[in-house]
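Chemist: Taken in sequence, the protein lines are chains A and B. Residue numbers for the first sequence follow numbering that gives the first Met the number 0, beginning at 0 and rising by one. Residue numbers for the second sequence follow numbering that gives the first Met the number 0, beginning at 0 and rising by one.
Derived from the structure by calculation, the hints contain no laboratory data. Quick caveat: nothing in here was measured; it's all calculated off a predicted structure. Hints may contain errors.
[Said to hold, decoys possible] Now the stretches of chain B that chain A is said to cover, found in silico as 3 or more residues with beta-carbon under 8 Å:
(1) 19-28
(2) 41-52
(3) 78-85
(4) 248-256
[Unchecked claim] Far from chain B, some chain A residues (derived; all Cβ distances over 12 Å):
(5) Arg7
(6) Glu9
(7) Val11
(8) Ser12
(9) Leu13
(10) Asp15
(11) Leu17
(12) Ile29
(13) Tyr39
(14) Asn60
(15) Asp97
(16) Ala107
(17) Leu108
(18) Asp109
(19) Ala110
(20) Gly131
[Said to hold, decoys possible] Derived CB-CB ranges, DEER-like:
(21) Ser112(A) to Glu282(B): 30 to 36 Å
(22) Gly286(B) to Pro23(A): 39 to 45 Å
(23) Gln21(B) to Ala107(A): 33 to 39 Å
Don't be surprised by glycine CBs; every beta carbon is placed ideally from N, CA and C.
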Amino acid sequence: MTSMKTTRFEDVSLGDQLPALDIPVTVALITGGAIATRDYFPGHHDKDAAQSLGSPHVFMNILTTSALVERFVEQWSGPQGRFRDLRIRLGAPNYPGDCMQFQGEITALDASSRTVEVTLRGKNSMGNHVTGTVAVTLP
Amino acid sequence: MVGREYGRIYAWDEVNPAMVRQWCEVMGVDNPLYTDAAYAATTEFGDIVAPPAMLQAWCLEGLHMNNYPPGSTDENPYEVLSLIEAQGYPAVVAVNSELSFERYLEMGEKLYYTTLIKDLSDEKTTGLGTGFFVTQVMTFYSEQAGADDKVGELLFRVFKFKPAQAAKPAPAAASERPAAKRPLPGISDDTRFFWEGCDAGELRIQQCKACNKLQHPPAPVCQHCHSFDLGYRIAKGSGELYSFVVMHYPEVAPFDHPNPIGLIQLDEGVRLPAGLVGVDRNELKIGQRVRVEFQTFDDQLTLPLFRPVSD
Chain A
0 MTSMKTTRFE DVSLGDQLPA LDIPVTVALI TGGAIATRDY FPGHHDKDAA
50 QSLGSPHVFM NILTTSALVE RFVEQWSGPQ GRFRDLRIRL GAPNYPGDCM
100 QFQGEITALD ASSRTVEVTL RGKNSMGNHV TGTVAVTLP
Chain B
0 MVGREYGRIY AWDEVNPAMV RQWCEVMGVD NPLYTDAAYA ATTEFGDIVA
50 PPAMLQAWCL EGLHMNNYPP GSTDENPYEV LSLIEAQGYP AVVAVNSELS
100 FERYLEMGEK LYYTTLIKDL SDEKTTGLGT GFFVTQVMTF YSEQAGADDK
150 VGELLFRVFK FKPAQAAKPA PAAASERPAA KRPLPGISDD TRFFWEGCDA
200 GELRIQQCKA CNKLQHPPAP VCQHCHSFDL GYRIAKGSGE LYSFVVMHYP
250 EVAPFDHPNP IGLIQLDEGV RLPAGLVGVD RNELKIGQRV RVEFQTFDDQ
300 LTLPLFRPVS D
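The following block holds chain A by itself, in its conformation from the complex (with noise of 0.2 Å):
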């Protein structure tokens, strides 16, 4: 649950590590993210779709992955953290029955414009299914 408290700025050093999240990966997950993000490609939702691709079953798609690391980086950030940008790299699908471990750590801070980043991976059972950069402003 996001917290009401926010993380300052003053609070972060570098090297500093994020709380730790677990996203268990299910059918609803996928296909209800697939959905509230208006992406209807089948291999999202129709697991014989995503079958005849080659894929054991529905595969998360793009822009939930984006909106998980939101959420990961939320968490810590408080509802003040202000993203500046969300850069992540694709790897391993994300399967249902996998669970999706999200780790992150502070890798800069620019003073100047209270700005941190976070660089942050989400590993499944297969390796990593994202790794990335999120820039945020704290208060």
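Using the hints, position chain B against chain A.
Modeler: Coordinates of chain B only, in the frame set by chain A:
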């Protein structure tokens, strides 16, 4: 083709609280800035705003492919992918999605985006196959009474490729996801005693019955006296760190990363490489005392691992 710009693609819906709330519900995002008007009234926005990661979703066409709202361009910003596909590169995988935000979006804003083909790589071969990296930049605007307002940007890179191996048809019981397992050792008559020792919780080191010297890894012949008459001795399992490496990249499942690996000098005098457990990678020291412990992976492979001890 590189440098070509494509016209506007509009959003079907204005930025609206219902789609925001449903997105937050599915994603597990509970930041009150997006759904709680009373909280949002206390912020610099004065009212709820849209989650930044939703930016691209506003402008997707929805259920019917290429069914864009009235006013959108007739051009197809994705034609470059069709052109590459026609040359024999059928598969596509997204590689990078880089969103940047000028500001947060308020309810009622009407968005559109334009597309730039930023880069098209030379033909590359990766683990997936051979093909081209295509980089597009989508710039998102909000319609305003005066000049439209740039609100964000998406750099999107895909790999359009010919798969290295023809895609295997999904097996009938394909719902089992392929969890990565530890690679199994190749076991020969010369090395079997070592692995059977691991299963029994013993660290067995090959010993020559002729000259009594030890050697590791196991071999068919004594490296000291060339005798073929070999047995083994059970090591105490204690030693010191002779050298180590911490693997950061590439990250290969199922190993943990960073992955510390030690070269252990056993008290009996021989060295063996093994995984290290319970170590802080910044505090690893040559000469540090370590002790063996056995861990079983995937219910089939028992490995000797070494943990720092204080003595």
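Chemist: Work down the list of hints and note, for each, if the structure agrees.
Modeler: These are the hints, each one checked on the structure:
Given a C-beta distance limit of less than 8 Å, the hint that chain A covers the segment 19-28 of chain B holds, as 7 residues qualify and 3 suffice. Note: the segment 41-52 of chain B has 4 residues with beta-carbon separation from chain A under 8 Å; the three-residue rule is met and the coverage holds. Check on the segment 78-85 of chain B: 0 of its residues sit with their Cβ under 8 Å from a Cβ of chain A, so the three-residue criterion for coverage is violated. For the segment 248-256 of chain B, the stated coverage by chain A is satisfied: 4 residues place a CB nearer than 8 Å to a CB of that chain, which reaches the threshold of 3.
With a minimum CB-CB distance of about 16 Å to chain B, Arg7(A) clears the 12 Å threshold, and the non-interface call stands. With a minimum CB-CB distance of about 20 Å to chain B, Glu9(A) clears the 12 Å threshold, and the non-interface call stands. Val11(A), annotated as away from the interface, keeps every beta carbon of chain B farther than 12 Å; the closest lies near 19 Å. Even its closest Cβ contact with chain B, about 16 Å, leaves Ser12(A) beyond 12 Å, as expected for a residue assigned away from the interface.
Every Cβ of chain B is farther than 12 Å from the Cβ of Leu13(A); the closest lies at roughly 14 Å, confirming the non-interface assignment. Non-interface call for Asp15(A) relative to chain B: holds, since the shortest CB-CB distance, roughly 15 Å, exceeds 12 Å. Against the 12 Å criterion, Leu17(A) stays outside the reach of chain B, whose nearest CB is about 15 Å from its own CB. Residue-level check failed: Ile29(A) sits 10 Å from the nearest beta carbon of chain B, not beyond 12 Å.
A beta-carbon of chain B comes within 12 Å of the beta-carbon of Tyr39(A); the shortest separation is about 5 Å. Interface exclusion of Asn60(A) from chain B breaks down, the closest Cβ pair being 9 Å apart, not more than 12 Å. At roughly 6 Å, the least C-beta separation between Asp97(A) and chain B is not larger than 12 Å, which violates its mark as non-interface. The non-interface label for Ala107(A) is consistent with chain B: the shortest C-beta to C-beta separation is roughly 16 Å, beyond 12 Å.
Here Leu108(A) stays apart from chain B, with its beta-carbon at least about 19 Å from theirs, past the 12 Å limit. No Cβ of chain B comes within 12 Å of the Cβ of Asp109(A); the nearest lies about 15 Å off, and the non-interface call holds. For Ala110(A), the shortest C-beta to C-beta distance to chain B comes to about 21 Å, beyond the 12 Å cut-off, and the non-interface label holds. Gly131(A), annotated as away from the interface, has a beta carbon of chain B within 12 Å; the closest lies near 8 Å.
Range check, Ser112(A) to Glu282(B): about 35 Å between beta-carbon atoms, so the 30 to 36 Å window is met. Range check, Gly286(B) to Pro23(A): Cβ separation about 44 Å, and the 39 to 45 Å hint holds. Between Gln21(B) and Ala107(A) the beta carbon distance is about 34 Å. The supplied range of 33 to 39 Å therefore holds.
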